[in-house]
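Asker: Under my numbering, the first residue of the sequence shown is numbered 476, with each subsequent residue one higher.
Think of the hints as simulated: they come from the structure by calculation, not from any bench. Hints are supplied without guarantee of correctness; some may be wrong.
In silico DSS-like cross-links for lysine-lysine, where the CA-CA straight-line distance does not exceed 30 angstroms [as the list claims (entries may be wrong)]:
| id | residue 1 | residue 2 |
| --- | --- | --- |
| 1 | LYS1464 | LYS1432 |
| 2 | LYS676 | LYS617 |
| 3 | LYS882 | LYS895 |
Computed beta-carbon distance windows for the label pairs [as the list claims (entries may be wrong)]:
| id | residue 1 | residue 2 | range |
| --- | --- | --- | --- |
| 4 | ASP1180 | GLU1234 | 19 to 29 angstroms |
| 5 | LYS1420 | ASP633 | 43 to 53 angstroms |
| 6 | GLU1294 | SER1140 | 21 to 31 angstroms |
| 7 | LYS617 | GLU558 | 49 to 59 angstroms |
Backbone N, C-alpha and C define an ideal beta-carbon position, used for all residues, glycine too.
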Amino acid sequence: MKRLIAILLSVLFVLTACGTDGNESSSANSSAEQSQSGTVSADRKTTVISNGAFYTAASPASDNHADSFGAELTDGVDTSDVEAYNDSRLSGFQMKTVTIVIDLGEECEKIYGAAVSYFPHDGQGLSQTLKIDVASSSDGKKWTPYAFYDTTAEPELDKVNRAEFIKDSYVSGRYVRFKVTGNESWVFLSELEVIADVEPKAGISYLDRVYEEYTNVGTVTAPTNGTDVNKEFNKILISKGCTYKFDAKIETDNPDVNTVLTDGNKPGDYVFGSYVGFIGNGETAKITIDLGQEAADIGAIEANFMYNPTSRIHLPLSLTVTAIDASNNRTDLGVLYGTQIEQIGGFTFSLPLKKTASARYIELSFKTIDGMKHFIEEISVYSYRDSMEQSSLYPQVIIEKGEAAEKEGATSDYKNLILKQPQMIFMPVNENAKPENNSKANNPVLTDGVFSTVGEAYDIHNGKFFKFNAGDVRYIIYDLKNLSAVDCFKGSFCKEQSWGIGAPETVSVLLSANGEDWYDAGSFALTATQYNGIVRGELKLKKAVQARYVVFTFAVGQWVGCDELEAYGTEAIANSVALADSGLGLAGGDSVNGSRIEPSADLLDGAKDLCLMYQNCNNTGYTKEELLPYVAYLNEDLEIKDTMFDSFLFLYANTNMPSGAYPYSQNFKSDWQWCIDDLFGEDINLNALEQAAGETKAALNLADDFTYKITVSINYPHKNQKNFGDVDGDGVSEDLTVYANRMKVCKWFVDEVARRFDEANFKNIELVGYYWWHEQIDDESDPDSVKLIKELGDYIHSLDYDYTWIPYFNSNGYDRWEELGFDVACLQPNYVFNLEAPLSNIYNVDKYTKELGMGVEMELHGGCLKEYSYFKRYMEYITLGAELGYMDDTVLMYYQDYTVFYSAAHSGTYFGRTIYDSTYHFMKGDLKNVPDTMEGIAYEGEANKPIFGKIELPEDKRCEIQISALPENGTVVMGNDGSFAFYPAKDFKGETSFSFIYNEMLSWSEDCTVTVTVK
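Generate coordinates for the entire structure from the input sequences, incorporating the hints supplied.
Answerer: Encoded structure:
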């Protein structure tokens, strides 16, 4: 969003109307004469009366360059720092003529000027010059033109220009129409202005209205009949994916799409489609969330609003939160009031509870303001539980804990104990899994006793298979209700490669007698009599064990279809052993006691922080200047102060190669040769890195034998390529449909890179390893892929180099990285690329990398330097690395969009330098992620009146603030700028307090207490 402080652009294009040189038609001149109502006075006022006005566009801006809030063109704020047309603060219209009508709200008789701020660019079909036609109307139907001008002056490209027209006589109207015609197919606009000789209107008396609301409503004492909220537990979002209903008027330009209010996504800044817009009418709007089931441990409720008063987007006057049970009994949990803040953007109403509340439904009622808009991003209901958050694809799994007993009247009949029994399903991460592609948890086909035939395996959608699509590992949980003896577990799946239906390689079984201690019973492989069809497997224990809960768990790739799961045993437990005495190991122990792979001198020659550097035939390669901020840490004056990354991976980007093929398609020797030649190009890439490293070593007086470590990627030798090219000089092009030739071209590439390194005789960089480019194992579509990977690894090791890999989360084979022969594999969280991806992605990568002894990939999106949403996501990688330990304890590989760290170092902006500096301290292990606890904060005020204050925050940092404890004798709201409004309970006098936590875009502080004395 644009900055709040509105200032004029430094360069103005004050242009002459065409009518002054005879170019305007006589009819237009006549109309203009009729609209004049007096000469503009010499001491005229220059009030922009269109600021905050509503408008309509004949055709909307492009979705890729959307008009934020439908209000960006009249928000009256500065965009002079915009440097690129894809900046989110611009509105891009894919048309030559853009027609927009501004509604001023009332007739104005002293209009005399208009201005258009636009962004000219040479290329991509963007207009550089505009023709602008402005007309006014009293009824929006009959129009009188009063300005026609064009930007004949040479525009300043790639920055916002302002074209202004000043008339010497007044015109009147309530509606003003702008017709803007560009010279190309795109028009990018920043602001439309209507200028009049009138006094500025007084701003809306928002605080007076809030005070009136507070006087009428008062405060609410939270119920005290629950249990103490234990904040030592995990804060679990239980409203994610829940349905809700409105009793409110929704804005058509910002409708509710895909239950956006409970999608768990909180960008914190305007992202088109992430908000629902409510039209204010002075009445109370209501939103009721259905939690799906009664939740007895609700600990906090939050509502995220957007605040941008220049666009008439306000906070509500008040917000009341009510818990409603299944019998429609209502309990008010609290009331919060709006406040006036300086910082535009996201604002969170927080209602932390001291005692848990119970509810099936949570209702939010908020008092709207007539003529204003209210934008809500997310409504969050939290519980504090000792388990991590799961995906909202399935209902919340609740495991009853405690020792179980044998069933009364238990029999010794050996049978399938879960036949026709319901299941619960747990999925830790929802990565692109959609409800319509996945069977509902209560679907009975998993235990209906009906097995599909081979012929039916070709149709996963025939109703006979339980469907799993995308996402993460699934845990299928069965509660036997009593302690039973189990010894055999079976699974039946379908497999049809042409439809993208793959069976999991293995199915693991977990058992528990008490819902707390989980044992690993083992796993079974799935086998088939043919390539496609039904695949089945079973796990047979040597002796029956006593269990109440049986869990089947397996990975899900694209599609998985399961027609039956079985667990055999007896109700009677006489001939079985307790799990604790069974010899089975506890499951999940490695995620607690395990460890990630550590940096060492024997692995990549000690490399710890490896940055991915992308080759691309459409780019010119990295220069010394571009690489210097990577090898050296540069301060804000761009002086070398320390080392930065210690190693680099050069790999081809996932885009076309010189032949037009892709790294994973049927590429050619010429493509591979280009990669080698580009890698060793003159004054670029490795040679530029050698120069930058030398400069850094000299500046820091590093030892002569100090070197930066280099790893080089190997492209994929596609099994269908019959004409790769000749690599051994026998004059015969290699046919990669023959396995031996695939190995031959890989060895040729490895040898050629090593030979060129030796010839280059670098002093400051050294080759330490090779990287497998493809991020998953396609052993079903390419049966030789595992053999190829292993044999190639053996060859690389024979040359005394290391072998690396970066699989994406839940990709096929990621958990077999050591078995495949890699020396190190770093797992991708895949959190930054999709703004809907949950933060639990990182938590799960933390868990799995400990279990599997892997490293972690850090991921930096190119939008982080401009867009808060991407900036915040990268800072969460940094924050959790410090909190969870991967900052210090493992090898890290950093994905970046080509030259993002270079741009960050040179940016001079808060986002850029924060990313660069935080990454540096993160790599050095001295990141100060937890801010200091603020103490001694005290305010005072009068009874029955709101008390306003502002906490002093660091001026050079962006902060986030949350209320962590409400006062016992009133209520409080707080903005991210530190401003707060405390509303004491009616007639209360005395001392009370509330608490808040804050962060500096890293970890949260401890509770900071504010003492308030009411007199």
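Asker: Run the structure past the numbered hints and jot down the numbers of the failing ones, going up.
Answerer: Of the numbered hints, 1 and 7 do not hold.
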